[in-house]
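Taken in order, these protein sequences are the chains called E and L. Per the numbering used here, residue 222 is the first one in the first sequence, and the count goes up by one each step. Per the numbering used here, residue 222 is the first one in the second sequence, and the count goes up by one each step.
Identical chains share a label here; the pair holds if one copy fits it or two copies do between them.
No farther apart than 20 angstroms at their CA atoms in a straight line, the calculated lysine to aspartate or glutamate pairs in the EDC-like style are these: (1) Lys495 to Glu537; (2) Lys245 to Glu271; (3) Lys289 to Glu454; (4) Lys394 to Glu432; (5) Lys394 to Asp651; (6) Lys495 to Asp472; (7) Lys330 to Glu644; (8) Lys230 to Asp294; (9) Lys476 to Asp372; (10) Lys245 to Glu295.
In case anyone wonders, no lab produced these hints; they're calculated from the structure.
Number of protein chains: 2
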Amino acid sequence: MRVLSDQLKTHTGRTATVAGWLHKKRAMGGLMFVVLRDRRGLIQVVVQDETEQAKLHGIQNGSVLEVKGAVKDEPRAPAGAEIHDPVVTIVIPVADVPPIEVDKPIDHKPENLDTLFEHRVLNLRNLNERAVFKVQAAAAEALRGYFHRHDFTEIHTPKLLAAATEGGAEVFKLDHFGQTATLAQSPQFYKQMMVGVFERVYEIGPVYRAEPSVTTRHMSEYTSVDAEMGFIEDFQDILDFLSGLLNQVTDEVWKHREADLSALNATRPTLSAKLPQLPLSELHRRFSEATGTDTTKEKDPTPAEERWACQYAAKELGSEAVFITEFPASSMKFYHYRSEHNPEVAERADLLFRGVEIVTASQREHRYDRLVEQLKAAGGDPENPGFRYFLQAFRYGLPPHGGFGLGLERLTQKLVGLNNVKEAALFPRDMSRLAP
Amino acid sequence: MRVLSDQLKTHTGRTATVAGWLHKKRAMGGLMFVVLRDRRGLIQVVVQDETEQAKLHGIQNGSVLEVKGAVKDEPRAPAGAEIHDPVVTIVIPVADVPPIEVDKPIDHKPENLDTLFEHRVLNLRNLNERAVFKVQAAAAEALRGYFHRHDFTEIHTPKLLAAATEGGAEVFKLDHFGQTATLAQSPQFYKQMMVGVFERVYEIGPVYRAEPSVTTRHMSEYTSVDAEMGFIEDFQDILDFLSGLLNQVTDEVWKHREADLSALNATRPTLSAKLPQLPLSELHRRFSEATGTDTTKEKDPTPAEERWACQYAAKELGSEAVFITEFPASSMKFYHYRSEHNPEVAERADLLFRGVEIVTASQREHRYDRLVEQLKAAGGDPENPGFRYFLQAFRYGLPPHGGFGLGLERLTQKLVGLNNVKEAALFPRDMSRLAP
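Given the sequences, and given the hints that come with them, work out the whole structure.
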């Protein structure tokens, strides 16, 4: 029966069998110190016997080993115990020196990233890289838990769409048995239509953007956490839901992955229970005053404003995440809901977290006649099949609703403190990278 | 504060506000009986007052209503209680009669399916249709719970691949910034590579098949539950894991969605704790004897054999699910593991459930040199980028491992008893359907 690294200490004084990858080895004063990596952590093995040492000669890092030996307490060993007098079995010998090292933290300088991604298959074996994705998995689990506690139903919507649904140069196109299909940029229409069935739905899945952007914030494929909520009183319900969500995810990730976060030097974000809200016009005004750069004509926060807003919120409002609200109606999407108090404003918000937008949220126009009007005003054709099915849901009754899309990689990036969103994707996709 | 249908009875004797869609209404002896649908079920409202009745004239099914009134015990009402003396608010009036009815079970005759899918946005509001997807969501949650209890890490792998990775006419191709990309048919290579990082991984996400198949079992996009497990003793570990998984999912789905399953007339499957195993040659022999159709030359089970095997297993082996094992090595994929006991046999199994294959599982060849040999023997080029990164994982050490892919829609279909897998997809995609 195999013992995992985090259980080794409980076997002190007994014989145990462990298995894993040769993480590193070094010789010292006639002894050989071997460190194994398994799915929970590291195990140190002290090899004294010459026959056993001989088995390990010429065996490179990455080799798969099974080791049986006596477990001794050793506070300085990574597992709090180590193995002595081992019998070593080489399950899979690795003959070649790996092209990159995986046994020490890697410098994620921008100029190193391409090399890391080229060797991603091995690079991810690094404990710090792995830690990023253990945090990501914990975040996804926390998100699902939060959705389930709020009675959301998980849905799976198609990523292959009739070409007419989403247009423009920003979509990928392909041939689907003679018809042109596009890859979904978001499950937007589907999640709204499903409010009519389940009231509250969420989906965690891939979405696709053909934007030719080379930035630290964009990928051509990413994991989107999408949610939609019916029977809301008003847009504040969505913002309150998101405040609870970010707090809950932070709590659970720090509860379950503290060792990983600590290895990554991640600092737990300060978040207020209700995340602060800053109207866009106020952000423009404050930013322009503070920096001398006039942004008051911008329809969206600029990247510099996103960073500034988070610094401002952390310092003045006690939260490293802040909503930017009250976007101008002049640049709203046809399905956005115009504020009842101010028709110049759309009920949309961006949630900024540590300098980057991680969520876009909005209330949706749920009244069929107004939605058709807004679609036409935006130049859309209600008879286009991409809109026709969507409009059907409204024609036959949808309640007030709203929702959001959250980028799982951006959330991970900001929780653990990475510079580039691609570092939070197992196998990032961008303009120049389709492999591995 | 809105009261949901399943909580209504606890408010008996008090005033409550409910909200939902007008599901149906009928007049009887001066009274109007209104049934509302919310995300948990149905609520009956008895409208006596003429002013209140007048509000509902000309209001069609699907209209969104809010109703405040007195809650009275009523065992015959769907919620065990109903609302009297209501004040009705029409939140969203629906003026047109919906093109399909959603208030009674729908006949899923094959010739009706296209009409249902054309009106899927509304068809899913039918409680029986909705029940299918509540079961599916519960199944996905049970699967994740099972994976987490067994220390699997959830991963998200790219669906956009360099064209060389997967070939043939069965893949969708698209332009990705000047490079040809294909859509993943499965996360096969990625999950195997990630064994080197996490040992045990799973992913629930979309996969794509460009096969021009018009059957009740195929879609061009479906949700695949993929898992891979390292440090196995042998292939039996994978089959044992799957036995536990199907039993656990069945238990949890029947525990959490009993009312939905009952509405769908679903019968709980009989499953043995360890699902029985039938070598393919034995299936061929028994099937040929029983039916007179000689299948002994087939390399896979035929659809007729899949149905027969499940009937046989249910009758003779006490299980509605059965593994077909010991596939001929002559038709194995290059990454399959050849049996150590019999080199003519590959360590692969199909899990058949109620007449259909829902899982394909195999042990993988984990030894670099043999894998390269098998790849070359199958005509593959180890220097092809699609294989190069994959092989890197093996060259630098992977332990014995195996895994499987399970179709979430097929599992749902067989749990609830549908004839066509497309009925278990919210928005199915096939040769002729890209919308809604």
